[in-house]
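If you read the protein sequences in the order shown, they are chains A and B.
So that you can map any letter, position 173 of the first sequence is 173 in the working numbering, and since no number is skipped, the others follow by simple counting.
So that you can map any letter, position 241 of the second sequence is 241 in the working numbering, and since no number is skipped, the others follow by simple counting.
Hints may be right or wrong, so weigh each one.
The list cannot tell twin chains apart, which means a pair is met if one copy fits it or any two copies do.
Result set (BS3-like, lysine-lysine): computed pairs, CA atoms no more than 25 Å apart in a straight line [said to hold, decoys possible]:
| hint | residue 1 | residue 2 |
| --- | --- | --- |
| 1 | LYS143 | LYS201 |
| 2 | LYS143 | LYS17 |
| 3 | LYS83 | LYS222 |
| 4 | LYS8 | LYS172 |
| 5 | LYS222 | LYS143 |
| 6 | LYS83 | LYS201 |
| 7 | LYS17 | LYS89 |
| 8 | LYS89 | LYS6 |
| 9 | LYS99 | LYS17 |
| 10 | LYS181 | LYS222 |
| 11 | LYS51 | LYS16 |
| 12 | LYS172 | LYS17 |
| 13 | LYS201 | LYS8 |
| 14 | LYS17 | LYS222 |
| 15 | LYS17 | LYS6 |
| 16 | LYS31 | LYS201 |
| 17 | LYS99 | LYS143 |
| 18 | LYS222 | LYS99 |
| 19 | LYS222 | LYS51 |
| 20 | LYS201 | LYS89 |
| 21 | LYS201 | LYS172 |
Quick caveat, the hints were computed from the structure, so don't treat them as lab data.
2 protein chains.
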Amino acid sequence: MIVKSKVKYINSLGDKKLRDADGVFVAEGPKIINELLGESRAEAVEIFALKEWIDENGTTSAPVQEIDDIMLGRLSFLTTPNKVLGVFKIPQLPALTFKGQLTLVLDGIQDPGNLGTIIRCADWFGISQVVCSADCADVYNPKTVQSTMGSIARVNVYYEDLAQLLSHADVKVYATSLAGKDVFDIQRLNEGVIIIGNESKGIRESVVGLAHERITIPRIGKAESLNAAVATGIILSAICPFPSRSRS
Amino acid sequence: MIVKSKVKYINSLGDKKLRDADGVFVAEGPKIINELLGESRAEAVEIFALKEWIDENGTTSAPVQEIDDIMLGRLSFLTTPNKVLGVFKIPQLPALTFKGQLTLVLDGIQDPGNLGTIIRCADWFGISQVVCSADCADVYNPKTVQSTMGSIARVNVYYEDLAQLLSHADVKVYATSLAGKDVFDIQRLNEGVIIIGNESKGIRESVVGLAHERITIPRIGKAESLNAAVATGIILSAICPFPSRSRS
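One chain only, chain A, in its complex shape (with noise of 0.2 Å):
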C-alpha cells in the first residue's frame, strides 16, 4: 500500500525545484528502467511495479514495490503508464574536459521531447558528453528522461554559460548554421565541440562568434530549416569517427 503522501511526493517530481533539492528524477517503462538498472552510474532509490514487470525481472539492487494499474496511473506522468516506474539519484558528473572527445553544446534547447532525442542520438554515435545552455529543457524532466529512451544512463549532461566556457575552448568549435562549409566536406573528427542552436533562432551571438567554423546541412529542397534532432543526427552522422573505417 502506497501512502497518499508519497502520490503527492512522486508527483512533485515533475518540478525541477524539488527534483533538484532531493537530488532524484523519476523514470518510467521496461526499457528505461532496466537500462538505468543495468548501467552502475544511475542509483535507484525505489522501483514501483506491476505484478507483470516484477516476475519477469526477478531482484533488482533497489527495493521494488509491487502496485496495481490504478496506483501505478496515479503515480506517471505518461498518458499510457507503462508497467514500471522508478525513482533514481541524479549521478555526480566527471569534470567536464574537451580533450581527446566530441562534445555537443546545445543552445537554447526548450522542448523536453526534442532535448531527450538529442541524447539518445548522441549516445547512438558514441558521444558521452553534451553541455547545455542554462535555457535549455531540463534533463530530468520526466519528458526528457523518457525522450532519451535510457541513454541518459550513458551521457554526462552538464548546464553551463556557454559564452564563458567556450571562450576558454581547446579544442575546435564547429557551430551548426544555415550558412556555411557543407558538413560533408569535413573530415571525421576524434575530438571537437559541436554547437547545436535553437530551431527557430539557431545559436545565440555571442556563442556562435566563439565559433572556429560554421558546418551545414546542405538543402536540396524547400524546407527552411531542420528540426533540431534531426540536423543533430545528421552532424553527428557526417562528423563523428566510425572505428572500422575513415571516411573518404
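Given the coordinates of chain A, assemble chain B onto it according to the supplied hints.
This is chain B only, laid out in the frame that chain A set:
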C-alpha cells in the same frame, strides 16, 4: 463575431472522420499559414487572425476574420496559440509513380509529431512523395500539420497498403534495418523507394520482405535505436542526390 457553432465545428476538425467528411484541415501559426498561402496547391477556406497578423500580412485570397486572443484560444489546438489559424482544403494528389524520383515509405509511424518532422525532413531533401501505411498517424492531424512547419504544402502524402503497392514497385526498394549495408556505402540515388519502420517494431515482415536491399545507420555508441525522424534525416542525407556534386 464568431458563432458558437463555428467554434464547435473547428474544434471538431481534430477528428479525422470529420476532416475527411468535409475534406478540410486546420493549420496554425504565421510560419505555416504563410507557407500554405504561398503555395498555390493549398486552398484556404477561412482564416481567423489577430489584428497583428492581419496588419502584417495584408490581404489574402481567402476570407480573413479578425478575432481576439480569447477567441483564438477557443479555436486553437495548440497549448500556446500563435496569432492565426486557418481552415484549408485537403488537396487532391497526383497519381503515385515511383519512376524518376525518390519516394519515402513509412511503415507504422504512429506519433503525429514524428510524422510531421519526417515530412519536413523529406521536404528539406527534395522528396515530394511520402507513402504511409494505413496505421500511420494522419497527416492532417493538427499535431502533424504543426510539426511539418509548412512542408505539408509541398509534400504529397499517400496512404496505401504497402505490401500490395511494393509488390509492383518498378524501382529499387531499400529497407532501413538494424542489420544491413552501411548507408554511407550506398551510392546516392536519383530514383528508388526508402522504407522507414516503426520505432519499436521496425518494418513489418510482409513489407521488409519486398525490399531489394537492407540499409543501416552505423552505430558507434550504445543507444539501442534512433528516433524514426532522426533516422530518416540521416538516411536521406546519405542517399539523396545533391545537384552540385557527386559523392566520392
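Now the hints, each set against the structure:
| no. | hint | in the structure |
| --- | --- | --- |
| 1 | LYS143 to LYS201 | both (23 Å within a copy, 21 Å between copies) |
| 2 | LYS143 to LYS17 | within (16 Å within a copy, 30 Å between copies) |
| 3 | LYS83 to LYS222 | between (43 Å within a copy, 24 Å between copies) |
| 4 | LYS8 to LYS172 | neither (47 Å within a copy, 56 Å between copies) |
| 5 | LYS222 to LYS143 | between (31 Å within a copy, 21 Å between copies) |
| 6 | LYS83 to LYS201 | between (39 Å within a copy, 19 Å between copies) |
| 7 | LYS17 to LYS89 | within (15 Å within a copy, 46 Å between copies) |
| 8 | LYS89 to LYS6 | within (17 Å within a copy, 50 Å between copies) |
| 9 | LYS99 to LYS17 | neither (33 Å within a copy, 56 Å between copies) |
| 10 | LYS181 to LYS222 | within (19 Å within a copy, 29 Å between copies) |
| 11 | LYS51 to LYS16 | neither (30 Å within a copy, 37 Å between copies) |
| 12 | LYS172 to LYS17 | neither (35 Å within a copy, 54 Å between copies) |
| 13 | LYS201 to LYS8 | neither (38 Å within a copy, 35 Å between copies) |
| 14 | LYS17 to LYS222 | neither (42 Å within a copy, 31 Å between copies) |
| 15 | LYS17 to LYS6 | within (17 Å within a copy, 42 Å between copies) |
| 16 | LYS31 to LYS201 | between (34 Å within a copy, 13 Å between copies) |
| 17 | LYS99 to LYS143 | neither (31 Å within a copy, 42 Å between copies) |
| 18 | LYS222 to LYS99 | between (38 Å within a copy, 21 Å between copies) |
| 19 | LYS222 to LYS51 | neither (51 Å within a copy, 29 Å between copies) |
| 20 | LYS201 to LYS89 | neither (34 Å within a copy, 31 Å between copies) |
| 21 | LYS201 to LYS172 | within (23 Å within a copy, 39 Å between copies) |
Hints 4, 9, 11, 12, 13, 14, 17, 19, 20, counting from the list given before, are not met by this structure.
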